[in-house]
Amino acid sequence: FTIEPLQGKIWPNTEITCKVTFKPQGPYHYSSTAFCNTTCSEERLALNMTGQGKGPQAQLSMPEQDIGDIFVNYQKEFAVGIENTGEIDCHWKLIPYETPFGSKFHFSKTVGILGVNQNIRDLIKVTFKSDILGEFSETFRFGLEGSSEMLTLTFKGHVVAPTFKFSEEIIDFGRVSYKFPIQKTVYLTNTSEVDINYVVRVPGDGRSLQSEFNISNDRGRLERLKEAKIDIEFIPSLPSQYDMVLVVDLEGVGQDMLAVPIKAECLVPKVRVNPVDFLEYDTCFLRHPKTRQVEIINEDNLKAKYEIVPQDDQSKRIAVYTADKESGIINPQSSQIVNISLRTEILSTVRIPLYVKVEGHHIPFMVTVLATSTGPLVEADREELDYGNVEVLKDYTEKLKIKNKSKIPAEYTAFTKQKESIWKVIQRHGILNPDDEREIEVVCNADEVQKFQDTLHIIINNGVDLEVALRAKGTGSTLYCKNSLDVVDFGTEYTHQNVTKEFFLENRGRKQMKISWVRTTKLDRKNQKKQGDSKQGDSVRKAPGANDSVGTEVKDEDELKFVFAVVPESMTLNPKMGYKVQFRANSFNVGPVMENWQCLAAIGGDRKPKVAFNTKVQGEFITPSLSFSEPRLYFKYLWEKGVASMPINKTLSLRNAGPLPTTITLRIDPPFSCATERLTLTNGEPETLSIDFDPGMKQDRLSDNITGKLTISHANHPHRDVVQLQGEVCFPNLQIIPPNIDFGCILNDTSKKKYLVLTNISEMPVSY
Numbered sequence: 001f002t003i004e005p006l007q008g009k010i011w012p013n014t015e016i017t018c019k020v021t022f023k024p025q026g027p028y029h030y031s032s033t034a035f036c037n038t039t040c041s042e043e044r045l046a047l048n049m050t051g052q053g054k055g056p057q058a059q060l061s062m063p064e065q066d067i068g069d070i071f072v073n074y075q076k077e078f079a080v081g082i083e084n085t086g087e088i089d090c091h092w093k094l095i096p097y098e099t100p101f102g103s104k105f106h107f108s109k110t111v112g113i114l115g116v117n118q119n120i121r122d123l124i125k126v127t128f129k130s131d132i133l134g135e136f137s138e139t140f141r142f143g144l145e146g147s148s149e150m151l152t153l154t155f156k157g158h159v160v161a162p163t164f165k166f167s168e169e170i171i172d173f174g175r176v177s178y179k180f181p182i183q184k185t186v187y188l189t190n191t192s193e194v195d196i197n198y199v200v201r202v203p204g205d206g207r208s209l210q211s212e213f214n215i216s217n218d219r220g221r222l223e224r225l226k227e228a229k230i231d232i233e234f235i236p237s238l239p240s241q242y243d244m245v246l247v248v249d250l251e252g253v254g255q256d257m258l259a260v261p262i263k264a265e266c267l268v269p270k271v272r273v274n275p276v277d278f279l280e281y282d283t284c285f286l287r288h289p290k291t292r293q294v295e296i297i298n299e300d301n302l303k304a305k306y307e308i309v310p311q312d313d314q315s316k317r318i319a320v321y322t323a324d325k326e327s328g329i330i331n332p333q334s335s336q337i338v339n340i341s342l343r344t345e346i347l348s349t350v351r352i353p354l355y356v357k358v359e360g361h362h363i364p365f366m367v368t369v370l371a372t373s374t375g376p377l378v379e380a381d382r383e384e385l386d387y388g389n390v391e392v393l394k395d396y397t398e399k400l401k402i403k404n405k406s407k408i409p410a411e412y413t414a415f416t417k418q419k420e421s422i423w424k425v426i427q428r429h430g431i432l433n434p435d436d437e438r439e440i441e442v443v444c445n446a447d448e449v450q451k452f453q454d455t456l457h458i459i460i461n462n463g464v465d466l467e468v469a470l471r472a473k474g475t476g477s478t479l480y481c482k483n484s485l486d487v488v489d490f491g492t493e494y495t496h497q498n499v500t501k502e503f504f505l506e507n508r509g510r511k512q513m514k515i516s517w518v519r520t521t522k523l524d525r526k527n528q529k530k531q532g533d534s535k536q537g538d539s540v541r542k543a544p545g546a547n548d549s550v551g552t553e554v555k556d557e558d559e560l561k562f563v564f565a566v567v568p569e570s571m572t573l574n575p576k577m578g579y580k581v582q583f584r585a586n587s588f589n590v591g592p593v594m595e596n597w598q599c600l601a602a603i604g605g606d607r608k609p610k611v612a613f614n615t616k617v618q619g620e621f622i623t624p625s626l627s628f629s630e631p632r633l634y635f636k637y638l639w640e641k642g643v644a645s646m647p648i649n650k651t652l653s654l655r656n657a658g659p660l661p662t663t664i665t666l667r668i669d670p671p672f673s674c675a676t677e678r679l680t681l682t683n684g685e686p687e688t689l690s691i692d693f694d695p696g697m698k699q700d701r702l703s704d705n706i707t708g709k710l711t712i713s714h715a716n717h718p719h720r721d722v723v724q725l726q727g728e729v730c731f732p733n734l735q736i737i738p739p740n741i742d743f744g745c746i747l748n749d750t751s752k753k754k755y756l757v758l759t760n761i762s763e764m765p766v767s768y
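For the sequence shown, the working numbering assigns the number 768 to the last residue and increments by one with no breaks.
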């Protein structure tokens, strides 16, 4: 309660009006007393106030709704209106209600405000979808703010399962062969108004540790008023009567909602195998497949399934068999031919089991495989290879033909019996295809002068080995040189120089060998002297275009000697050893030289040596030869007054006229000079030398004619070439005759006169 105004003044014979306001806070009964104090009065005026509070009022459009029967998981919607029937704003709120079925209701609004003049109504959408079955009656309450009263909304109904059916009342597979699949098709129809999630199964399947029913489309979602095709494949694993059921579970609803009986009878067919005991292959080549047949006969009216049992690893070490049809199905009253290929792995009698398993028969049929395994058969066209007489250290080849007369490849390896044999097999290893023929080359290289015998072994892998006798007799010499020793040609060389050629000799025999070199050419001193006389002019000669040439000459007949030598002249060689022999040449004479030598070899204990090599040693010996552009060089200097003397330069061209290169050293007499001291000339190569003459070295200023030499020496050779040099110096000179004046005895106070003759002996005027 509130009173306005709470204080004031009242004049005599007047009155005042006060406003009393009642504003209840809730729907309750209120009572209160107000007192008014006045001045100059002890008594107060009392005012009793009473009132009843009234809250908001509202109502629902339907306080109760009977849904009736509704399918599980089917969604249904309702519209519920709420209206403000009071004189104040109404704040409403849905009270939470969590029960198994109450939680399946969903309200679009749970709170709201209803006005007095506007927005006095509100619409609430209620959705119901249940995944549990059963009857329900759920009451929801709406609270009104400021009121103790509540609005109630009740839903009643019954949630029922969806309805569906199978197209067959019973699934009968009839008589079924053991382990043979048979298929049936049924249709599942959804006759309800809601979609269903189904699972189709056979309870008790898998009792034999493996599933016997394979159901396609065994789970899924089926829309309302639709049907699903379900294929059932039955593979019986027990020979017995089958009485089972096909049930349907609805996910989220329940299990075993529908069941259809399944009936079948499983039988084992009657089968036999031919041959009954033994499968004989007779003779088989090693690892070559051979085929025999096994017949499997089905004597029943049911299909039979067979399988060739895989071979165990232990028997595979003896032989391996394979089937062209390792497994299959035999129709009723028919048979199946299976080709069994056998490949043996060892050389012996083969006896291994072959098992044929028929579905339903606990013990497989056993057939014993019998065979005799043999290796490849190879034959040679000859039993002996006789080479006869063969020259030592030379290859002689004989061919041996071998042929494979079996149906399998033959791997062979050929070798000689002796470790160090003179025979060598070229095709040591190979493979002969069936009915193939091949030539084996056997090379004989005798390493001693004697008879040889050996045996050629041809090892046939897993077959019979072959032996061929080898015979030969070695002739000739076992002393070997890689290079030919018929002619040792030194070619063209300078005289007075040591020239060497080396050869490597090997004792390729089996015995010790004593080797000696003997010169068979005799020294002809008369011929040598004539040659020396005829070559003397060349030994001391002038070079072409040169002034002088200095050489070496054989002056004494005792100096004549052989040009060629062999070092060492004798040597003892052990078997399979070698040494280097040197042919040396050094000639003092110019011209061609030829000598004949013999290499003698005494083998083992032989006293008389045999000739191993006849060698002709030859060479052409020359001296260095140079040609010059000028026979001599002439320099001339004329004095000029006031002009300093300068060196005079001239060039000299020289060329190597010989076939061999030469290295020359130049030495010159002063006052001549040359900048070049050493150079190398090849055949026909020209070189230009710069020669200077210095007249300033003539300090006495007397005209003179100076001579000198350009001496050219050759490296490692005594031959010299000389070019003459001449320098003329001209000064203004006088000749006085007589050169001495002798007055003799002269008397006192007398005179005596002598005359001098002055002659200008120079090429220029003389002032004196």
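It cannot be assumed that every hint is accurate.
For each label pair, taking beta carbons as the anchor points, the in silico distance ranges come out as [claimed, not checked]:
| # | residue 1 | residue 2 | range |
| --- | --- | --- | --- |
| 1 | V111 | Q52 | 22 to 32 angstroms |
| 2 | Y480 | E345 | 45 to 55 angstroms |
| 3 | V111 | G252 | 41 to 51 angstroms |
I should point out that these hints are in silico values taken from the structure, not numbers from a laboratory.
For each residue, glycine too, the CB sits at the ideal point set by N, CA and C.
Each hint, compared with the structure:
Range check, V111 to Q52: Cβ separation about 28 angstroms, and the 22 to 32 angstroms hint holds. Evaluation of the 45 to 55 angstroms hint for Y480 and E345 yields a pass: the beta carbon distance comes to about 51 angstroms. Our hint of 41 to 51 angstroms for V111 and G252 is violated, since their Cβ atoms are close to 32 angstroms apart.
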